[in-house]
Each structure stands twice: as structure tokens, then as C-alpha cells.
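Chemist: The chain contents come next:
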Amino acid sequence: MESNESKAKDAKSTSDEDDSGDIVQQKTREEILFHEETIDLGGDEFESEGNETVSEDSNNFVDKLNEQMMESVIISDSPNNSEDDTGELGCLQEIVEQMEAKDNQKTQDEVDKEEFLSNGSETEHEETPKDVSEIGTDDQEESIQEAVKEEPKLGNSVHVETKPNNTDESKPEDEILSPGTSKSSSEAEPIPVCTIFSQANNVNTQQQLFLPDGFEPQMVKSPSFSSIIETPVKSNPQVVQPSPSLSKFFGDTVSTNTLASDFFDSFTTSNFISVSNPNASSSVPEQMSSLSNGGDSSCASPNPAFSVRNGRPEAGGPPSSVEITQSPQPFSQIQAVFAGSDDPFATALNMSELDRRNDAWLPSEETRNVLISVATQQYSTVFIDKENLTMPGLKFDNIQGDAVKDLMLRFLGEQAAVKRQVLNANSVEQSFVGLKQLISSKNWRAAVDLCGRLLTAHGQGYKKSGLPTNHTTDSLQLWFVRLALLVKLNLFQNAEMEFEPFGNLDQPDLYYEYYPHVYPGRKGSMVPFSMRILHAELPQYLGNPQESLDRLHSMKIICAKILENLEQGLAEDGSMTNITQENRQASVQLWRSRLGRVMYSMANCLLMMKDYVLAVDAYHTVIKCYPQQEPQLLSGIGRIFLQIGDIKTAEKYFQDVEKVTHKLDGLQSQIMVLMNRAFLHLGQNNFAEAHRFFTEILRIDSSNAVANNNAAVCLLYLGKLKDSLRQLEGMVQQDPKHYLHESVLFNLTTMYELESSRSMQKKQALLEAVAIKEGDSFNTQCLKLG
Amino acid sequence: MRLTKPTLFTNIPVTCEERDLPGNLFNQLMKDDPSTVKGAETLMLGEMLTLPQNFGNIFLGETFSSYISVHNDSNQVVKDILVKADLQTSSQRLNLSASSAAVAELKPDCCIDDVIHHEVKEIGTHILVCAVSYTMQTGEKMYFRKFFKFQVLHEVFYSSDLSSVTDEVFLEAQIQNITTSPMFMEKVSLEPSMMYNVAELNTVDTAGESESTFGSRTYLQPMDTRQYLYCLKPKQEFAEKAGVIKGVTVIGKLDIVWKTNLGERGRLQTSQLQRMAPGYGDVRLSLETIPDTVNLEEPFDITCKITNCSSERTMDLVLEMCNTNSIHWCGVSGRQLGKLHPSSSLHLALTLLSSVQGLQSVSGLRLTDTFLKRTYEYDDIAQVCVVSSEVKQS
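Chains as they are written, first to last, in UniProt numbering: chain A, 1 to 786; chain B, 1 to 394.
Please note that a few of the clues may not be correct.
To be verified - To spell it out: a stretch of chain B is covered by chain A in this simulated footprint if at least three of its residues, at any positions, have a beta carbon under 8 Å from a beta carbon of chain A; those stretches are:
#1 18-24
#2 33-46
#3 177-186
#4 231-237
#5 263-270
What the hints assert, rightly or not - With the C-beta cut set under 10 Å, the calculated list includes, among others, these residues of chain B facing chain A:
#6 MET1
#7 THR7
#8 THR50
#9 TYR67
#10 SER69
#11 CYS110
#12 SER212
#13 GLY215
#14 ARG217
#15 TYR219
#16 PRO222
#17 THR225
#18 THR260
Stated by the list, open to error - Straight-line C-alpha distance at most 30 Å; calculated BS3-like pairs for lysine-lysine:
#19 LYS624/A x LYS38/B
#20 LYS720/A x LYS84/B
#21 LYS737/A x LYS31/B
#22 LYS720/A x LYS146/B
#23 LYS610/A x LYS38/B
#24 LYS610/A x LYS652/A
#25 LYS436/A x LYS31/B
#26 LYS763/A x LYS149/B
#27 LYS141/B x LYS720/A
#28 LYS373/B x LYS305/B
#29 LYS610/A x LYS31/B
#30 LYS107/B x LYS722/A
#31 LYS556/A x LYS31/B
#32 LYS773/A x LYS763/A
#33 LYS624/A x LYS31/B
#34 LYS419/A x LYS463/A
#35 LYS442/A x LYS38/B
Hints in this document: simulated from the structure, not taken from any laboratory.
Quick reminder that beta carbons are idealized off the backbone N, C-alpha and C, glycines included.
Construct the complete structure from the given sequences, taking the supplied hints into account.
Modeler: And the structure:
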């Protein structure tokens, strides 16, 4: 805004020549516009205009200029058209297109691969440094790799079929690993999977080469371009270092490697090591040999992957084995250590109260049967249909990008855009710590990326969907975080795609019982409860609220059943486990609150469906579950009625709130009462009174964002545009960290558009403010810069 | 900018539990989000108001509000600014500006604001014409206009259905919400014409409390239809002059008041609803009393009222009774009813019995005007339920 003012002052001092130049230019434009207007009008209107414009005479075109400038009110002819909608759609389409493009590119790459062509200078640039990088990492790896390979060979003679597969695979690996073989490196280079390692390499080396191109950093079009995306954001000095740091970087990759495995452990509350992927579980056959004796390789042991492994090269391309083998080594080693301590008694004791309480879930009949047979090992092998296994994988390997920066490039120029610095997946530790850092700094896109990398390290990366894998507490938590963030970013379609392999979250391999050797004695669902909620809520955002309700209902039934079990003196799952009174109480509390959470989602879903009667009922149920939220919920119900237009009922609810809050006094309840009164006046079309109450709130709590914003909105309805703008601007300047909120900015830009045809400058100023404070998850649509 | 009511911001709650990977991160993010409800972050419906994003739809009966802002984008002070806002409809041109006085001067980067309101009463194309005239510092007179076109649509669709039994008229009004947003019906009432008294039949009295027949659902979802029922009774003075109520009569008009988002109000009054009085012709026969349930093969009585609806002719009527398959008339057919003066009526007690069980319709009365030799036929004048005598006794 300030810059705008100064520009205006500048303009004042400019000579008249400029003005006249402008006029000529605008005149031509205006004439076109003018034509349109006359078309819009009816015939008689046209006549009347003729009469009125007689007096205009010589000033005609200046008028027209002004007309152009005064275009502050825009009323759309077709009432239904909403630009925002189309914008969103367009966006989605773009994503789809780009993903398709990506796919195409990939197949292309594979063709290239087969021919061992290092075609074009572009690829060569990438390759040469990469070779070096791989020498570093792979050397170390090779040794580990060798160690692992020994195990299955020694393991048993049962896995005859699997062995050849393994060796087959290890052969190309060997080739790749052998340093200096340019052939193999060219083979390894175009890995169509986003891996931690290959990407990091790209970043490191490609950056200088591509930065000057000013390539639009929106979405990755092909794997080989993926690094470009990162380059603009990659101003982090730590990573951007010349060759000496290469070695350091390799050190990083290795440490990343271990990190990836470390954090998988770090999170697990149990003491047992999680098996992260098929290769990692290569040690498992040793343990399993006793139970799967004589069975063929398609046994349903925790490593079902083995039987299907030979299918992998076709799907993922031979090089994919490279990154698969990278991370697991630590697992297998530790696994081997733990293999001996497989004592059922000790493990039973180890299963903590907390685990049981939180992980409890009731599988469907079918799933339960499978789990029982796994536990009792009635059959030497338990055959499980592939359809009943959960085989997730990333559906898109990179959504990184920063819309704020894109806009800055477009509107503020490259120089300004360079200043924009946000954390990205590369600039943080490749672990849960880094992930949390990204989430809390609101760089959710980068966090989604990091989740993707960690999952890739886990063998569930891009294009891995449909391939057998193992699940751990951590892998599911990572999925939960990734999907939750996608939902938070409103990327519902993407979330749905990646949720799809999980089915209804009731497949046997999502239960701890399925992995008796990895999680001995542990029972219940690996899928976090919050992930079930997310899964249930998702369809409603995609226009299928009925499906959401169905899912929520089945969740509700299970929650209620668990509570019933607890009340009958049983464990959560209905077994006859002894639970102390204290623990039972805690468990009841937990499950009540979970039931409440399900009801909350139901109420929200019904509200979205506009089934207000049921929604209000559901919110009443929520009040029973969360009595401490009663005043807020009653106010919420009141607002629902206001939205319908039922002012009287709304008032009744607001009065109830006042009764409830009467008992507790405190700032918050006082604010709530005032807020409700303001809303009621709003419903009665009394903006002046509403404004008075919002202002009253500000007197008590001057930093109340809602009151601030709402007071400003009221001012606009009272015809005080400038005051309204001043209030919102003041608020944003006062505490940009908090108030650069989508809704506030949306209001602000709407008013800028109303105020003047020169709103662009002011919007750009907002963009600058946003660029300083907000992460990559900022929804730029509210700036209406498009 | 059109000022429809602001909307409430909704957020998408994503929660997690303490033990999940992000710990309380997600919950903390939601707490920090200014648009969530503090203390109940999972509640989707927030408190933050957002301005209307687009023009939206405007419907007949709603109030069109618009913000008119004239902003001086130039760097010169202009004088004597006159802003005029007119609304051109297909039939008239309305002036909506609050004040017609000119503003003395407008400094750069200042603006003149006005909020106009207008209750739209016509459907079809409306054009908002904003005209601004002002004087530059050089003394030049400037003038420009801007046009904004919008369509006014029907918001409620109503149709009515009339039926009459005896003198009472029942009006069924079907009201359908043909918008895309829910609608709260604040008032739907029938204002009767001077000839009628009206009773609304849309509430049920239970224990002194009247309860709406629509239950707790106080609003209409898009495309929902509601049926309102009214009973109209002719006022005593008109009822007696039977001849008055004939042909086309005006029975009244419906007054519909609704509210939508945050109390956005709409009101619609229908034109006078007209009723074509049933074609009684010259002679009208109506039923005064009839039992609802009768015994099989047992005679029962009905009372008819015969009215001479003609203007001046005195009639001489003959009554004939023709048996049908189930209805058998008792008494003499072809009897003289005597002279009937214009606008007068006579009561007639008749006896009949039914030979068939079930719901039977009373038919077969014939009145013949001896002077004009014209016969009036009356079939299906009423229905009775015929039951076997044992059932009735038990």
C-alpha cells in the first residue's frame, strides 16, 4: 500500500505528456469496451443514451478514459459463473495433465534406458557428476549388500525359488555398483522413482546448469526435470556447495540412509524393530523357516514380497532395485540381532497398556479369521489373496513447488522472487524431526514431499502401488501425515488416489497380529485412529458425503462396541484380559473422546450436506461427548440457524449460550456472548449494531482476529469502505504472523478491487507480505492475482 | 459491488492424537488458525465473515443491495461530483441514489460511497445505470456512465389448487424452493378477500401448543416443496346471497416471506388468486347433511339444499330420482318441488339405501325446469361408506 502511494506521488510529478499518451492508448481500448456496452443494452436504452451524451461534446474520449478507470463495480451478467471455480478446476486439470506428461516421460526414459543411450547433452550433464556420487555411496553399500545377500543363501533351502530372483537382481546391482562403469550409471540415472538419493544428487549438480533458464518451477514434468523444481527454492547454502561438499553430501546420504531407518524405530513405542520393506525382511525367512516349512515361496509370511519380486523389474524398471536395497541394510542387521530374543513371554509383557488401548480396533469377520490363522498357524502357509493385501505407493512423486514464489516471479520479477526463502524437503533433516519442522513452519507441500521420500526409503515409493510390501507403525504414520497434509492443502483428489490401495483400512496386513515375529504379542490396528477419521472424511470433500457418512457410521459402531466391551469388564477387543481399574477408566475416556470425534465428523459432514436438522442433532450428541465445548457448540448451532435464515431459533440458542456461560465468567465466554449478539444483529440486517458489538470485543481483546475482520466487514456494509480497509490493513500490519489468513486477505483484496481499478499494486504488496511470513502451503487464490 | 450477505468461513479440520507422528502439531496449527472456533477447533463452521465472492443470483422479492464507490484514481482534485444510480427494468426506471446533492470536491485517492437497496419486484433483465458527472480543475465538465446488467429470477414457485365442498373453499398452495440454497419460510399466509374468512390449517394443536405440520424442519431445501392448506369460508352476509358467489371470484392473495443466508430477506405477494365458482348453472344442489358411514341395506337420510342461482327467473322444478347399481332412492320420483324464487333455496330431505358395501357415491338426482324443459343432472354429489350391519353394531 505504501508503495502504491508513493507511486501515485511520482505520477503527480510526471509531465502531462505521459497522461496524454495514456489517454490515447486507453481510448482505443475503451472504444472496444464501449461497443460491448452498447450491445448489452436494449434498444430503448441506446436511444436514451444518445440524448444524454449530447452534452459530452469534446471531452468525449476523456470521459471514456475515466469510465475505464472507474470500473470498480463488476456485476457479472451470468449469475452462476464463478471465476474461482473454473480456476480451481483448471488447476486440477493441470495437475492431471502434468502427471500424465510425467508418465509419458517415464516410458520414454525407459526406452532410452534400454538402448543405453546417453542422449543429448542434457542427460550427460546430469550423469557425470552423478557417477561420482554413486561411487561414494555405493561403495559402502556394496559391502553391506554383500552381507545381506549371504543371509538368504544361508537361510534355508526352502526358498529355492526366491533365491534365483534375488541373485538375478543382485547382478544388475553389482554392475551398477561397480564404480566408473558409465554404462551402468546411465542405466541408473533415469530412475523413474523419486528417491532421496537420486534427487539429492540432481539438486546438487544440476542447479547451476538450469537456474539461468528461468524454468517455470511449478510442477515436475519429468523425472529428469525434477531437480529444476528444487533449484529455485534451493538457495539454502548448506546444500548448495561446490565439489568439496560433494563428499560431505555423500556422507549425508549415507547418514540419511541410516536416519531413515533410525526414525522408523524412533517412533515405534514398542521395542521391536519394524521391518520396512521386502529387502529388509530378507532376514525374516530365517525366523520364518520353522513355520513355513515345506511351503512354497508364496507363503503369507510377513514377507510376501518375495514371491512377487520377480514382477518388480517389469513394473519399476531394473534400476529400482538400487534404491530399494539402499535403506534396508540396517534393518536386517538389527533384525538379525533381535531374531534371537523372540521370547513370547517377554513380548507379552512388553505390550504396554498404552499400545493396547490406542491400537484396539475390531476387524471384520473375514479379516479376523485371517489374523487368527496367522496367529495359530493352523496351516503351514496362510494363503491371502493379493486383493486382501495393502500395497500402497506414492501416486505422484513430486508436488513440490511454491505458488507464492511463482506469483512473485510473475508479478514482482525475479529479483523479488529470489528473496523468498522457505524451507523445503532438502533443507531439513530427513527424519521425523525435519518433518515436524516443515509442518510447523507451514511448509506442507515440502512436508508432503519429505513424507514421500521417507516412504520411498520404506519401499512404498512412486509406482510401488500394487507391489507387496510390509507395514510398520511408522510407515502408516507417515502415510497418515502425508494424506492429512494433502487434505489440508485441499488436494483431495491426490489424497484419494493414494488412499485407494488401503481399501477400507481393514486388511489383515494392517493389523499387528499379522506380523507375529516383528511385533510379537502386539495386537490391534496399525492404522492410527486419526487416519481412519481422515479416510472417512475424505469422500465428503470430493462430493460424496454419503460415503463419508457410511464410513463414519461403521467407525461409530466399532467405537461403541469397544466401549461396551470395556463396560462389561472385557478388554477393548472383547478378550478376557485383566485390566486394572485405572487403566480401564483411561481407556473408557479415550474411546469416549474418539466416539465424540466420530460424531464431530458426522455433524460436520451433515452440515456440508446441508442437512441441518440432522447436523444440529449430531452436534447435540457431540456436546454430550465434549461437555466442555458446550458454549462453543451451542453458538455454532445458533450460527447454523442464522445461515438458514431462522433468526428466532438462532436467538434461542444464543440465549442458551448466555445461560451456560453465565456460570463461568472469563474473557472467552464474555467474547462469545458478544460475538453471538453481533451475529444476531447481522441476521436482523442491523450492521451498525453488529459493528458495535464486534468493536466491543476488540475493546476487551484487541488482538481478536475474528472480531477485527468482522467489524471491518460490517463497515463495508455501512458504506465506509475506507474505514473498513484501514481496519483490515491495520490488523494485518499489526501481526502479520497471525492475520495473513486466507479469509482476511480475501476480504482485503475484494475491497481493493472495489476501491479502485488500480488494485493490482496493493495486491502485490500483500503478496510481498505473504512471501515473508507464509510457508509454501499458503493458498494464493485468496490474493486474486490470477 | 453487489452486497449480498457475507458468508461464514468454513475450515477443514484435520486432527491427530497425541501418540501420532505429528504429536499435537496438527491440533496446534488449528488452534493458531484465526478462523477456527477457539476451544472447539473441530467445528467446521467458523465465525469469520467473508465478503461475497461473486454476484450470485438475485431472485424476485429479494432486496438488491449494492455498494457504489466512486474513487478518484487521478492525481487531481475534482469538483461538483454528482453520482446517480438508476435501475432500469423492462417497465420502469427507478432512482436509487440516497442523495441527489452534489459533492463539492473529491481529492485524489478519496472516494464517494453509497450503499443502495432495492426490493426487486420484476423478473427479467435489470440494468443498474451509474452516472457520474464532475468538473475538472480546468473547469471542464466531465460525464460518464457505467452499466451493470443482471437477471432477476424466480425464487419460489407456487401453484395452488382449489377444491370446494359446500360453501367452503380449500386452498392448497404448493411452494417450491427453486434456488440452490436452503430457505427458511418465515411466513406464508393467505390474505383473504373481503368475502371470505380464512383458517390456516398448517398447525396442529396438541395440548394447547400449536405445532407446525412441517415438524422441526423449518426450512426448505433446494427443490423441496411444501404444501400449505387454507380453508376459506364465505362471510355470513355473502353466504346467504348465494347468487353473489358465482363466476370468477377473488379469494385473496398469498404473502410469502422467507429468509436465506444470515437473514437475507425476501418477500413475495402473489397476485389475487381467483377462483372460478363451480358451474352451478341456474340451479345449484348442495348437500347439507349426510352420514359418513351407513349400514348395508338400511335406509338413511340426507338433506339437500336447492338454490335458484338465476338472476330473475322463478323456477318450477320437478325432482326425479334414478337408482344406480348400488344406490336406491326411497320415495316418489317425479314430484313437484313448487316455485323457487331467484336467489332463494329450499331444503329437501331424502331417504335412500345402498345394496353394495364399500365406498359408494350418491348419484342419480335429476331436476327438471318445467318452463324451459331443461334437466339438470346431479351425480357424485357425495360419498358414503357402506358397511354390513354386524360390523356397525360391533
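Chemist: Are the hints correct? Go through all of them and say.
Modeler: Each hint, compared with the structure:
Counting residues of the segment 18-24 of chain B whose C-beta lies closer than 8 Å to any C-beta of chain A gives 5; at least three are required, and the coverage claim holds. Coverage of the segment 33-46 of chain B by chain A holds [criterion: at least 3 residues with CB-CB distance below 8 Å; count 12]. Check result for the segment 177-186 of chain B against chain A: holds, 4 residues qualifying (beta carbon to beta carbon below 8 Å, three or more required). With a cut-off of 8 Å between beta carbons, the segment 231-237 of chain B has 0 residues touching chain A; three or more are needed, and the interface restraint is violated.
Coverage of a stretch by a chain is defined here by at least three residues with a beta carbon nearer than 8 Å to that chain's beta carbons; for the segment 263-270 of chain B and chain A the count is 3, and the condition holds. Restraint check, MET1/B versus chain A: the minimum CB separation of about 5 Å is within 10 Å; hint holds. The restraint placing THR7/B at the interface with chain A holds, with a minimum CB-CB distance near 8 Å, inside the 10 Å limit. Because the closest C-beta pair between THR50/B and chain A is about 5 Å apart, less than 10 Å, the hint holds.
Hint status for TYR67/B: holds, given a least beta-carbon distance of 6 Å to chain A, under 10 Å. A least Cβ separation of about 5 Å between SER69/B and chain A falls short of the 10 Å threshold, and the interface hint therefore holds. Interface restraint check: CYS110/B against chain A, minimum CB-CB distance 8 Å, threshold 10 Å, status holds. For SER212/B, the suggested interface contact is broken, since its CB lies about 12 Å from the closest CB of chain A, more than 10 Å.
Given hint, GLY215/B at the interface with chain A, holds; its Cβ is 9 Å from that chain's nearest Cβ, closer than 10 Å. Because the smallest distance between the Cβ of ARG217/B and any Cβ of chain A comes to about 5 Å, under 10 Å, the interface hint for this residue holds. Against a cut-off of 10 Å between C-beta atoms, the interface hint on TYR219/B holds, since the closest Cβ of chain A lies about 5 Å away. Taking 10 Å as the C-beta contact cut-off toward chain A, the hint placing PRO222/B at the interface holds, the least distance being around 8 Å.
Interface restraint check: THR225/B against chain A, minimum CB-CB distance 17 Å, threshold 10 Å, status violated. Hint status for THR260/B: holds, given a least beta-carbon distance of 5 Å to chain A, under 10 Å. For the suggested pair LYS624/A and LYS38/B, the alpha carbons sit about 18 Å apart, so the restraint of at most 30 Å is met. For a cut-off of 30 Å, the pair hint linking LYS720/A to LYS84/B stands: about 18 Å separates their Cα positions.
At roughly 14 Å between alpha-carbon atoms, LYS737/A and LYS31/B fall within 30 Å of each other, so this suggested pair holds. Between LYS720/A and LYS146/B, the direct Cα distance comes to roughly 22 Å. Compliance with the 30 Å bound is thereby established for this hinted pair. Simply put, LYS610/A and LYS38/B have alpha-carbon atoms about 23 Å apart, close enough for the 30 Å limit, and the pair holds. Proximity of LYS610/A to LYS652/A is assessed by CA-CA distance (about 21 Å); at most 30 Å being required, the pair is judged to hold.
As the CA atoms of LYS436/A and LYS31/B are separated by approximately 16 Å, the hinted pair is consistent with the 30 Å bound. For the proposed pair LYS763/A and LYS149/B, the alpha carbon gap of about 27 Å is at most 30 Å, so the pair holds. Of the supplied pair hints, the one linking LYS141/B and LYS720/A holds, its CA atoms being roughly 28 Å apart against a limit of 30 Å. Taken as a hint, the LYS373/B and LYS305/B pair is honoured in the structure, with Cα atoms around 21 Å apart against an allowance of 30 Å.
Proposed proximity of LYS610/A and LYS31/B is supported: the alpha carbons are some 26 Å apart, at most 30 Å. About 14 Å separates the Cα atoms of LYS107/B and LYS722/A, which keeps this hinted pair within 30 Å; it holds. Distance hint between LYS556/A and LYS31/B is fulfilled; the C-alpha atoms sit about 26 Å from each other, no more than 30 Å. Between LYS773/A and LYS763/A, the direct Cα distance comes to roughly 16 Å. Compliance with the 30 Å bound is thereby established for this hinted pair.
For a cut-off of 30 Å, the pair hint linking LYS624/A to LYS31/B stands: about 22 Å separates their Cα positions. The straight-line distance between the Cα atoms of LYS419/A and LYS463/A is roughly 35 Å, outside the 30 Å bound, and the hint therefore fails. In summary, the hint linking LYS442/A to LYS38/B is supported, as the alpha carbons are separated by about 20 Å, within the 30 Å threshold.
Hint compliance for this structure: hints 4, 12, 17, 34 are broken, all remaining hints hold.
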